[in-house]
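Asks: Please put together the full structure from these sequences, using the hints given.
The chain contents come next:
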Amino acid sequence: MKKFINDVENVENEMLEGIVLAHPEYVARVEGFDVLVRADKKVGKVALVSGGGSGHEPSHGGFVGKGMLDGAVAGSVFTSPTPDQVFEAIKAVDAGEGVLLVIKNYTGDIMNFEMAAELAEAEGIKVANVVTNDDVAVEDSLYTTGRRGVAGTVFVHKIAGAKAEAGASLEEVKATAEKVIANVRTMGVALKPCTVPAAGKPGFELSEDEMELGIGIHGEPGTERKPIQTADEIVDYLMERILKDMDPKAGDEVAVMINGAGATPPMELYILNRRVQQILADKGVKVFKTFVGDYMTSIDMAGASITLLKLDAELKDLLLAQADTIGFKMY
Amino acid sequence: MKKFINDVENVENEMLEGIVLAHPEYVARVEGFDVLVRADKKVGKVALVSGGGSGHEPSHGGFVGKGMLDGAVAGSVFTSPTPDQVFEAIKAVDAGEGVLLVIKNYTGDIMNFEMAAELAEAEGIKVANVVTNDDVAVEDSLYTTGRRGVAGTVFVHKIAGAKAEAGASLEEVKATAEKVIANVRTMGVALKPCTVPAAGKPGFELSEDEMELGIGIHGEPGTERKPIQTADEIVDYLMERILKDMDPKAGDEVAVMINGAGATPPMELYILNRRVQQILADKGVKVFKTFVGDYMTSIDMAGASITLLKLDAELKDLLLAQADTIGFKMY
Amino acid sequence: MATKAEVLDFIRVYADKMAEHRQELTDFDQAIGDGDHGINMSRGFKAVMEKLPTVEDKNIDDILKAVGMTLVSTVGGASGPLYGTAFMKAGAAVKGKEELSNDDIILAFDEAVGGIQFRGKAVEGEKTILDSMIPAINAIKASIAAGKSMTDALVDAEAAAWGGVEYTKTIIATKGRASYLGERSIGHQDPGATSMAYAFQAAREVAAKAGN
Amino acid sequence: MATKAEVLDFIRVYADKMAEHRQELTDFDQAIGDGDHGINMSRGFKAVMEKLPTVEDKNIDDILKAVGMTLVSTVGGASGPLYGTAFMKAGAAVKGKEELSNDDIILAFDEAVGGIQFRGKAVEGEKTILDSMIPAINAIKASIAAGKSMTDALVDAEAAAWGGVEYTKTIIATKGRASYLGERSIGHQDPGATSMAYAFQAAREVAAKAGN
Ligand SMILES: Nc1ncnc2c1ncn2[C@@H]1O[C@H](COP(=O)(O)OP(=O)(O)O)[C@@H](O)[C@H]1O
Ligand SMILES: Nc1ncnc2c1ncn2[C@@H]1O[C@H](COP(=O)(O)OP(=O)(O)O)[C@@H](O)[C@H]1O
Ligand SMILES: [Mg+2]
Ligand SMILES: [Mg+2]
Ligand SMILES: [Mg+2]
Ligand SMILES: [Mg+2]
Numbered sequence: 001m002k003k004f005i006n007d008v009e010n011v012e013n014e015m016l017e018g019i020v021l022a023h024p025e026y027v028a029r030v031e032g033f034d035v036l037v038r039a040d041k042k043v044g045k046v047a048l049v050s051g052g053g054s055g056h057e058p059s060h061g062g063f064v065g066k067g068m069l070d071g072a073v074a075g076s077v078f079t080s081p082t083p084d085q086v087f088e089a090i091k092a093v094d095a096g097e098g099v100l101l102v103i104k105n106y107t108g109d110i111m112n113f114e115m116a117a118e119l120a121e122a123e124g125i126k127v128a129n130v131v132t133n134d135d136v137a138v139e140d141s142l143y144t145t146g147r148r149g150v151a152g153t154v155f156v157h158k159i160a161g162a163k164a165e166a167g168a169s170l171e172e173v174k175a176t177a178e179k180v181i182a183n184v185r186t187m188g189v190a191l192k193p194c195t196v197p198a199a200g201k202p203g204f205e206l207s208e209d210e211m212e213l214g215i216g217i218h219g220e221p222g223t224e225r226k227p228i229q230t231a232d233e234i235v236d237y238l239m240e241r242i243l244k245d246m247d248p249k250a251g252d253e254v255a256v257m258i259n260g261a262g263a264t265p266p267m268e269l270y271i272l273n274r275r276v277q278q279i280l281a282d283k284g285v286k287v288f289k290t291f292v293g294d295y296m297t298s299i300d301m302a303g304a305s306i307t308l309l310k311l312d313a314e315l316k317d318l319l320l321a322q323a324d325t326i327g328f329k330m331y
Numbered sequence: 001m002k003k004f005i006n007d008v009e010n011v012e013n014e015m016l017e018g019i020v021l022a023h024p025e026y027v028a029r030v031e032g033f034d035v036l037v038r039a040d041k042k043v044g045k046v047a048l049v050s051g052g053g054s055g056h057e058p059s060h061g062g063f064v065g066k067g068m069l070d071g072a073v074a075g076s077v078f079t080s081p082t083p084d085q086v087f088e089a090i091k092a093v094d095a096g097e098g099v100l101l102v103i104k105n106y107t108g109d110i111m112n113f114e115m116a117a118e119l120a121e122a123e124g125i126k127v128a129n130v131v132t133n134d135d136v137a138v139e140d141s142l143y144t145t146g147r148r149g150v151a152g153t154v155f156v157h158k159i160a161g162a163k164a165e166a167g168a169s170l171e172e173v174k175a176t177a178e179k180v181i182a183n184v185r186t187m188g189v190a191l192k193p194c195t196v197p198a199a200g201k202p203g204f205e206l207s208e209d210e211m212e213l214g215i216g217i218h219g220e221p222g223t224e225r226k227p228i229q230t231a232d233e234i235v236d237y238l239m240e241r242i243l244k245d246m247d248p249k250a251g252d253e254v255a256v257m258i259n260g261a262g263a264t265p266p267m268e269l270y271i272l273n274r275r276v277q278q279i280l281a282d283k284g285v286k287v288f289k290t291f292v293g294d295y296m297t298s299i300d301m302a303g304a305s306i307t308l309l310k311l312d313a314e315l316k317d318l319l320l321a322q323a324d325t326i327g328f329k330m331y
Numbered sequence: 001m002a003t004k005a006e007v008l009d010f011i012r013v014y015a016d017k018m019a020e021h022r023q024e025l026t027d028f029d030q031a032i033g034d035g036d037h038g039i040n041m042s043r044g045f046k047a048v049m050e051k052l053p054t055v056e057d058k059n060i061d062d063i064l065k066a067v068g069m070t071l072v073s074t075v076g077g078a079s080g081p082l083y084g085t086a087f088m089k090a091g092a093a094v095k096g097k098e099e100l101s102n103d104d105i106i107l108a109f110d111e112a113v114g115g116i117q118f119r120g121k122a123v124e125g126e127k128t129i130l131d132s133m134i135p136a137i138n139a140i141k142a143s144i145a146a147g148k149s150m151t152d153a154l155v156d157a158e159a160a161a162w163g164g165v166e167y168t169k170t171i172i173a174t175k176g177r178a179s180y181l182g183e184r185s186i187g188h189q190d191p192g193a194t195s196m197a198y199a200f201q202a203a204r205e206v207a208a209k210a211g212n
Numbered sequence: 001m002a003t004k005a006e007v008l009d010f011i012r013v014y015a016d017k018m019a020e021h022r023q024e025l026t027d028f029d030q031a032i033g034d035g036d037h038g039i040n041m042s043r044g045f046k047a048v049m050e051k052l053p054t055v056e057d058k059n060i061d062d063i064l065k066a067v068g069m070t071l072v073s074t075v076g077g078a079s080g081p082l083y084g085t086a087f088m089k090a091g092a093a094v095k096g097k098e099e100l101s102n103d104d105i106i107l108a109f110d111e112a113v114g115g116i117q118f119r120g121k122a123v124e125g126e127k128t129i130l131d132s133m134i135p136a137i138n139a140i141k142a143s144i145a146a147g148k149s150m151t152d153a154l155v156d157a158e159a160a161a162w163g164g165v166e167y168t169k170t171i172i173a174t175k176g177r178a179s180y181l182g183e184r185s186i187g188h189q190d191p192g193a194t195s196m197a198y199a200f201q202a203a204r205e206v207a208a209k210a211g212n
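Respectively, the protein sequence lines represent chains A, B, C and D.
Take 1 as the starting number for the first sequence in this note's numbering and just add one per residue.
Take 1 as the starting number for the second sequence in this note's numbering and just add one per residue.
Take 1 as the starting number for the third sequence in this note's numbering and just add one per residue.
Take 1 as the starting number for the fourth sequence in this note's numbering and just add one per residue.
Think of the hints as simulated: they come from the structure by calculation, not from any bench.
Just so we're clear, the structure is a prediction, and the values are computed from it rather than from any experiment.
Each residue gets a CB set at the ideal place from its N, CA and C atoms; glycine is no exception.
Any given hint might turn out to be false.
Just some of the chain B residues that point at chain D, by a computed CB distance under 7 Å [as the list claims (entries may be wrong)]:
{"hint": "1", "residue": "G75"}
{"hint": "2", "residue": "F78"}
{"hint": "3", "residue": "D84"}
{"hint": "4", "residue": "G108"}
{"hint": "5", "residue": "T144"}
{"hint": "6", "residue": "T145"}
{"hint": "7", "residue": "E220"}
{"hint": "8", "residue": "P221"}
Partner residues are not named here, just some residues of chain D that face chain B (Cβ under 8 Å, in silico) [as the list claims (entries may be wrong)]:
{"hint": "9", "residue": "A5"}
{"hint": "10", "residue": "Q30"}
{"hint": "11", "residue": "G35"}
{"hint": "12", "residue": "T74"}
{"hint": "13", "residue": "Y167"}
{"hint": "14", "residue": "K175"}
Replies: If you want it as structure tokens, here you go:
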């Protein structure tokens with residue numbers, strides 16, 4: 001394992017220290033907890049809390065700030081944070097208007113966040129939650145725990161964050177978040193596995209000519225393992241699955257996110273984007289705004305995901321609303 | 001070689017297509033050339049042109065926009081762009097106030113940009129240039145071509161760009177760029193090599209327990225190859241070299257950039273940053289602003305560099321001036 | 001029956017097992033999950049071992065609740081709330097007790113499994129912790145009802161637990177991360193069912209030592 | 001002397017060599033540079049081969065200038081301006097010629113090397129293109145002065161060029177990317193000196209075929 005780390009037991013903590021030291025103008029740490037909150041607490045608004053295992057940076061601490069999250073909770077690498085940590089975040093950000101928890105659909109995340117919500121409600125804090133599940137690689141059926149929440153979650157942070165910043169009520173912010181969730185779809189692919197520091201070795205294996213299609217953000221297996229193909233062929237495969245699920249019509253408007261998994265350079269993400277845009281243009285789907293970069297990473301995995309979000313007038317406005325965070329800026 | 005590409009002959013072109021398709025609100029391509037210019041040409045100001053081989057994204061096209069560059073020229077991967085391309089960029093951005101070329105100190109870059117400047121001057125365009133050379137890993141002596149230009153170049157783009165945006169003359173913008181160059185120092189380290197698509201195999205080799213200290217942004221060798229150490233030890237080594245060269249005093253103010261080489265995730269960059277800030281705090285050096293992320297990459301190399309820029313009042317103002325580009329936003 | 005010393009011993013032996021089998025559990029989780037179950041459980045029980053000295057003078061219920069709270073706040077993932085809730089519920093079931101009768105033990109197990117089901121909303125046969133836990137508890141009840149000692153009942157329980165672990169190899173996961181794999185989860189042993197089987201192994205060893 | 005057909009033949013043979021030795025030159029550059037010299041040169045000469053049909057009816061100077069311009073605009077890096085300038089300067093030296101005398105050839109070489117030195121500001125012994133080029137040109141001059149044919153002079157030139165390539169292994173680079181290596185550049189052969197030696201090899205082969 002080759003990484004810039006000191007001690008596998010301490011990567012999460014040292015990372016959080018490094019973030020706060022780098023960006024004191026954006027975030028502060030809740031002392032004694034793995035929780036980042038806005039450097040200046042915003043009062044008189046609904047607060048948003050998200051989080052999950054570490055290793056997805058800039059998710060989630062990188063999205064704490066104006067127009068996005070109020071607090072982010074960092075678990076151990078790829079492990080949901082514990083209820084006490086989430087509870088601390090809720091307490092720290094609540095400004096009396098209630099707190100919306102944005103949870104990615106994983107058993108662990110849901111149980112830990114729910115326990116935290118129970119603790120918060122017992123203290124009289126109004127809490128609501130939404131569960132993101134944008135990954136079309138996983139079948140959403142009675143026989144699974146449903147689709148995984150992946151990179152599309154970033155759009156939920158952005159748009160629900162803008163809604164909260166605009167002064168909407170907890171119910172309204174939750175409804176907007178759910179609208180995003182209903183309209184966002186993602187699928188990913190990995191070329192090389194990632195290594196959890198505490199594990200010390202790659203989480204799965206791919207031979208020199210293989211790729212894993214439909215990969216999850218923790219390296220969970222996807223739909224198919226195949227010999228590696230060209231960028232265009234890979235995009236065609238992913239887009240077919242996404243478009244089959246969301247079925248946008250000619251004239252529909254979408255936002256696009258080409259998300260890097262951590263070890264994939266911008267060059268390759270842009271080559272993927274080229275084909276995504278060609279396909280959408282061919283279908284007459286209008287691209288309202290495109291985001292290319294590392295938003296929801298899987299530590300040092302080489303891979304990428306494609307996210308489409310179908311937009312209406314409200315979502316377009318909120319997507320373009322000001323945001324000022326470490327990892328996402330919009331003016 | 002595992003990459004999202006279609007054809008090794010075409011990566012640069014397809015990448016540029018992907019960038020323009022993603023961000024038409026920021027950049028446009030000069031038709032038939034590998035040149036990106038601002039989507040809305042700014043008139044009545046000195047124009048800035050930078051560029052170099054591809055593979056350093058978001059450098060340089062990602063810094064085209066308000067408050068930074070007016071044009072960026074993309075050569076083949078790791079190969080200086082040719083004079084005709086640079087000339088085209090100069091012609092496209094010149095608004096009558098002259099053009100400053102920001103060149104990184106490599107023989108090829110200097111010769112190609114100089115030939116372009118000769119072509120431009122022959123057409124009556126006022127051209128000046130600065131050469132960045134921030135890499136302390138390389139000795140600056142009579143017996144070398146001088147220090148390499150690496151990640152510190154991004155600060156030159158930012159600050160000279162702000163100066164130009166504020167309406168300064170070509171001479172003034174050049175003088176400010178040179179002040180940045182005189183005060184910026186960088187050193188890098190690689191854990192894993194990068195693969196130039198056309199070469200198809202890694203540019204150098206490092207065994208599972210080795211790192212290369214003082215690496216260049218094209219994988220050029222550095223000062224030492226060593227068994228891998230902890231993040232803190234690595235930072236100590238790099239900072240010692242940088243501080244020896246720039247020798248900031250207690251009370252001095254600096255900007256810090258922890259730059260990722262392409263395949264290194266934010267988690268590790270922040271762990272490096274933590275130690276950098278500790279060292280500066282111990283020395284009483286004040287950190288004015290910190291940047292952590294991929295600014296000057298080496299395709300898919302796993303590695304990082306540390307840049308310090310000593311600031312005065314002018315540089316501080318210009319560093320915080322508005323910038324709105326794909327890869328660097330400041331408000 | 002079980003004394004407080006035996007309960008404490010059980011916690012220590014189980015903590016040792018989680019450290020010892022850290023890699024094995026992680027490897028199982030790597031095959032069908034995200035490769036952290038052993039890391040999570042051993043981190044949690046390491047914290048339990050640090051916590052234990054501060055509570056070992058208290059009643060059994062306080063000890064079990066402290067273990068549960070520690071697990072909830074250090075394990076994370078799916079197993080944190082599940083194991084944490086189990087210990088907390090077991091504690092609540094034996095409020096005020098300084099020693100546990102066989103009925104107390106059975107009640108504690110029932111409450112523990114109820115807590116896991118409340119949290120995780122799973123039933124038997126979904127390739128989870130429950131697939132070793134429920135058969136083990138049923139075995140205890142049957143053996144005690146048949147007049148066996150708790151030590152012997154726990155021998156049966158452990159055997160049933162491992163039987164459940166074997167059974168998880170034959171079924172599709174429909175809960176937790178392994179459910180994403182669908183058919184491909186068949187053939188793999190569930191990490192959570194395995195870590196739970198070690199709990200019955202630890203209980204059996206402690207009971208045998210004590211001779212209950 | 002050299003006819004236009006031979007000049008064209010030289011360009012084609014040299015282009016073939018750059019394609020053929022693409023990997024070798026790249027490997028040399030990987031050791032002490034950035035591993036693209038063969039890629040750069042073969043890309044440039046591929047473009048030259050595409051350009052050639054559009055200029056082969058013109059005078060020799062126009063052909064050489066077209067080759068130079070094509071190299072300048074397709075090679076990039078350090079070698080693009082250097083090789084490009086060399087061909088452009090050689091072209092300018094033989095303005096209007098439909099055939100080259102030996103004096104013309106020597107003048108063209110002198111101008112070419114002058115162009116490289118103007119652009120690159122290097123002298124012999126810095127581990128560059130010059131280290132094979134200057135000895136080769138000196139050998140031509142000496143052999144022609146000694147009354148040899150151009151074919152024989154080019155045999156001597158190629159030998160001198162390869163001698164220069166060998167010499168580059170013994171010296172420290174003080175120009176170009178290899179200079180960052182300092183002492184560590186010793187023992188490695190310079191890629192640019194090597195690609196230049198192939199130019200003399202190509203010229204020797206073409207002259208031998210033509211029997212000048
Ligand atoms: N709903 C559930 N009910 C009971 N056990 C579950 C449930 N979901 C998951 N598990 C158990 O949790 C184990 C995984 O735990 P762990 O790896 O620590 O958490 P995570 O899946 O969050 O990484 C699985 O092997 C399974 O036995
Ligand atoms: N100043 C110079 N004068 C002459 N030749 C040079 C000079 N600098 C570099 N070279 C030659 O250029 C070669 C490298 O070319 P190439 O790899 O194509 O360009 P780059 O170094 O920009 O990647 C070196 O091997 C050397 O022979
Ligand atoms: Mg996990
Ligand atoms: Mg090069
Ligand atoms: Mg797991
Ligand atoms: Mg080179």
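Asks: Against this structure, judge whether each hint is valid.
Replies: For each hint, the structure was consulted:
1. G75: Holds - the Cβ of B/G75 comes within 7 Å of chain D, reaching about 5 Å at its closest.
2. F78: holds, 5 Å
3. D84: This interface hint holds because 4 Å falls under the 7 Å limit.
4. G108: This interface hint holds because 4 Å falls under the 7 Å limit.
5. T144: holds, 4 Å
6. T145: Cβ of B/T145 sits 5 Å from chain D, so the hint holds.
7. E220: holds, 5 Å
8. P221: Because about 6 Å separates B/P221 from the closest Cβ in chain D, which is inside the 7 Å limit, the hint holds.
9. A5: violated, 29 Å
10. Q30: holds, 6 Å
11. G35: With a closest approach of 5 Å, the D/G35 hint holds.
12. T74: D/T74 check passes; min Cβ-Cβ to chain B is 7 Å, inside 8 Å.
13. Y167: violated, 18 Å
14. K175: Result: holds, 6 Å to nearest chain B Cβ.
Of the numbered hints stated above, those contradicted by the structure are hints 9 and 13, listed in ascending order.
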